[in-house]
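Novice: Sequence:
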Amino acid sequence: MILGNEIDLTQHPRAVRVLKKDIPVRVDFAERSGVCRTKEGEVSYRVGDAILTGVEGEQWPIRRAEFDATYEAIPPTVHGEKGQYRKKPIEVLALQMKEPFYVVVSWSGERLEGKPGDWLLQYGPGDYGIVSKSIFEKTYQFIE
1396 MILGNEIDLT
1406 QHPRAVRVLK
1416 KDIPVRVDFA
1426 ERSGVCRTKE
1436 GEVSYRVGDA
1446 ILTGVEGEQW
1456 PIRRAEFDAT
1466 YEAIPPTVHG
1476 EKGQYRKKPI
1486 EVLALQMKEP
1496 FYVVVSWSGE
1506 RLEGKPGDWL
1516 LQYGPGDYGI
1526 VSKSIFEKTY
1536 QFIE
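Our numbering runs 1395 ahead of the 1-based position in the sequence shown.
Rather than coming from a laboratory, the hints here were simulated on the basis of the structure.
As the structure is a computational prediction, the values presented were derived from the model and not from experiment.
For each residue, glycine too, the CB sits at the ideal point set by N, CA and C.
Mixed in with the good hints, there may be bad ones.
Stated by the list, open to error - Cβ pair distances, simulated, as ranges:
id	residue 1	residue 2	range
1	I1397	P1470	35 to 45 Å
2	R1441	I1485	19 to 29 Å
3	T1448	Q1406	28 to 38 Å
4	G1512	E1486	14 to 24 Å
5	K1416	P1470	14 to 24 Å
6	G1512	G1475	31 to 41 Å
7	L1398	E1437	13 to 23 Å
What the hints assert, rightly or not - Listed next, the in silico DSBU-like pairs over lysine-lysine satisfying Cα-Cα at most 35 Å (straight line):
id	residue 1	residue 2
8	K1415	K1482
9	K1482	K1493
10	K1528	K1477
11	K1416	K1493
12	K1415	K1533
13	K1477	K1416
14	K1483	K1528
15	K1533	K1483
16	K1528	K1493
17	K1415	K1477
18	K1483	K1510
19	K1510	K1415
20	K1493	K1533
21	K1415	K1483
22	K1528	K1416
23	K1528	K1415
24	K1415	K1493
25	K1434	K1482
26	K1434	K1510
27	K1482	K1528
28	K1477	K1533
29	K1533	K1510
30	K1416	K1483
31	K1510	K1528
32	K1493	K1510
33	K1483	K1493
34	K1416	K1434
35	K1477	K1510
36	K1416	K1533
37	K1477	K1434
38	K1434	K1415
39	K1434	K1533
40	K1434	K1493
Kindly generate the complete structure, drawing on both the sequences and the hints.
Specialist: Below, the structure written as structure tokens:
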């Protein structure tokens, strides 16, 4: 199985630039530490972290500082309270994978797994994620 963390998408010839579409997501904030069962694997979270619910009912946690920097509240939601949020327009790199692969989450050390057709995303140096093919098609747009 391929380790996605070893693929530098800034240098990969098939990598594409993408933006998250302006689609609202439901956000709750963890009242206690726990584990979120994402489509790609289990990811732990801490008190105060954001737990997001996406277009297919899938859930994933984001550390609070990262959430605060990359998401904005949709009124009447007030930032920091549960409700509807949207991702700020931040360009990332993506590569549709042809083989099974995995990444090790930079902030938790946990392993997420992807299938052929899923997308490897690179948010920044050493910061990777996985988005399933169906969710990627619904939630990301290509940058020309």
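Novice: Evaluate each hint against the coordinates.
Specialist: Tested hints:
The given range of 35 to 45 Å is respected by I1397 and P1470, whose C-beta atoms sit roughly 42 Å from each other. Between R1441 and I1485 the beta carbon distance is about 23 Å. The supplied range of 19 to 29 Å therefore holds. The hinted range of 28 to 38 Å is satisfied by T1448 and Q1406, whose Cβ atoms lie roughly 34 Å apart. For G1512 and E1486, the Cβ-Cβ distance of about 23 Å falls inside the hinted range of 14 to 24 Å, so the restraint holds.
Taking 14 to 24 Å as the suggested C-beta distance range, the pair K1416 and P1470 conforms, at roughly 19 Å. Distance hint for G1512 and G1475: a CB-CB separation of about 37 Å, consistent with the stated range 31 to 41 Å. For the hinted restraint 13 to 23 Å between L1398 and E1437, the CB-CB distance of approximately 18 Å keeps it satisfied. For a cut-off of 35 Å, the pair hint linking K1415 to K1482 stands: about 7 Å separates their Cα positions.
For the proposed pair K1482 and K1493, the alpha carbon gap of about 28 Å is at most 35 Å, so the pair holds. Restraint check for K1528 and K1477: satisfied, since their Cα atoms lie roughly 28 Å apart, inside the 35 Å limit. Distance hint between K1416 and K1493 is fulfilled; the C-alpha atoms sit about 24 Å from each other, no more than 35 Å. With a CA separation close to 9 Å, the supplied pair K1415 and K1533 stays within the 35 Å bound.
Taking the CA atoms of K1477 and K1416, the gap is about 21 Å. The hint holds against a cut of 35 Å. Distance check on the hinted pair: K1483 and K1528 sit about 22 Å apart at the alpha-carbon level, within 35 Å; holds. As the CA atoms of K1533 and K1483 are separated by approximately 17 Å, the hinted pair is consistent with the 35 Å bound. The hinted pair formed by K1528 and K1493 meets the criterion: a straight-line CA distance of about 11 Å does not exceed 35 Å.
Annotation: proposed proximity of K1415 to K1477 holds, straight-line Cα distance about 21 Å (limit 35 Å). Restraint check: the Cα-Cα separation between K1483 and K1510 comes to about 27 Å, which is no more than 35 Å; the hinted pair holds. Our distance criterion of 35 Å between C-alpha atoms is met by K1510 and K1415, whose separation comes to about 21 Å. Restraint check for K1493 and K1533: satisfied, since their Cα atoms lie roughly 20 Å apart, inside the 35 Å limit.
A threshold of 35 Å between alpha carbons decides the hint, and for K1415 with K1483 the separation of about 8 Å falls inside it, so the pair holds. Proposed proximity of K1528 and K1416 is supported: the alpha carbons are some 15 Å apart, at most 35 Å. Our distance criterion of 35 Å between C-alpha atoms is met by K1528 and K1415, whose separation comes to about 14 Å. Using a Cα cut-off of 35 Å, the hinted pair K1415 and K1493 holds, with the two alpha carbons roughly 22 Å apart.
For the suggested pair K1434 and K1482, the alpha carbons sit about 20 Å apart, so the restraint of at most 35 Å is met. Between K1434 and K1510 the alpha-carbon distance is near 11 Å, which keeps this suggested pair within the 35 Å criterion. For the proposed pair K1482 and K1528, the alpha carbon gap of about 19 Å is at most 35 Å, so the pair holds. Proximity of K1477 to K1533 is assessed by CA-CA distance (about 23 Å); at most 35 Å being required, the pair is judged to hold.
Pair hint K1533 plus K1510 holds up; C-alpha atoms about 17 Å apart against a cutoff of 35 Å. Restraint check: the Cα-Cα separation between K1416 and K1483 comes to about 9 Å, which is no more than 35 Å; the hinted pair holds. Simply put, K1510 and K1528 have alpha-carbon atoms about 9 Å apart, close enough for the 35 Å limit, and the pair holds. Only pairs whose Cα atoms come within 35 Å are accepted, and K1493 paired with K1510 is accepted, the gap being roughly 8 Å.
Restraint check for K1483 and K1493: the C-alpha separation of about 29 Å stays at or below 35 Å, so the hint holds. Of the supplied pair hints, the one linking K1416 and K1434 holds, its CA atoms being roughly 20 Å apart against a limit of 35 Å. Restraint check for K1477 and K1510: the C-alpha separation of about 32 Å stays at or below 35 Å, so the hint holds. Distance check on the hinted pair: K1416 and K1533 sit about 8 Å apart at the alpha-carbon level, within 35 Å; holds.
In summary, the hint linking K1477 to K1434 is supported, as the alpha carbons are separated by about 22 Å, within the 35 Å threshold. Only pairs whose Cα atoms come within 35 Å are accepted, and K1434 paired with K1415 is accepted, the gap being roughly 18 Å. For the given pair, K1434 sits about 15 Å from K1533 by alpha-carbon distance, which is consistent with the 35 Å threshold. Note on K1434 and K1493: the hinted pairing holds, with a Cα-Cα distance of about 18 Å set against a maximum of 35 Å.
Checked against the numbered hints above, the structure violates none of them.
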